[in-house]
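Undergrad: Sequence:
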Amino acid sequence: MTKTPLLLLALAAAPVLAAGADDTMTALARNAGCLTCHQVEPGGKGPDGLPPIGPAWRDVATRYKGVKGADAQLTATVMKGSNPYDSHWKGRASGLAMPPNAVAIKEADAKKLIGWILALDVKK
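Quick note on the working numbering: the sequence shown kicks off at 321 and runs consecutively.
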């Protein structure tokens, strides 16, 4: 077998592997309760037709694209919560702050989830 067919096979499998990662991360998020407040895609509605409680993850990926240390900062926010007076999602999310989630998700899993969120294709 030559290198070209192997390369084509690897390229063809990439979307399947990415979809598997999406399914795994979505299941992790669902089990940790993240999808109660967040959605992957922007534009969805939260309770009573209001903006969702938390920002859409694709918006998070856009906001933090290229920001050094964003993964550590966001993991800390997931684990410890956020300051309601320092929200940069005003008008786009109805929640004032993220509660601490250390009881809902292990830090290692939060890091995986944040890495996946930051790797989402950003809005153009």
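The hints are simulated quantities; they were obtained by calculation from the structure and are not laboratory data. You may find that some hints are simply not true.
[Stated by the list, open to error] In the DSS-like style, the derived pairs of lysine-lysine whose C-alpha atoms are separated by at most 30 Å in a straight line are:
#, residue 1, residue 2
1, Lys388, Lys431
2, Lys385, Lys426
3, Lys400, Lys385
4, Lys410, Lys426
5, Lys426, Lys388
6, Lys365, Lys432
7, Lys400, Lys431
8, Lys388, Lys432
9, Lys410, Lys432
10, Lys385, Lys431
11, Lys410, Lys385
12, Lys431, Lys365
13, Lys365, Lys426
The structure presented is a predicted model; accordingly, all values stated were derived computationally and were not measured.
Undergrad: Against the earlier hints, flag every one the structure doesn't satisfy and list their numbers going up.
TA: No hint contradicted; all consistent.
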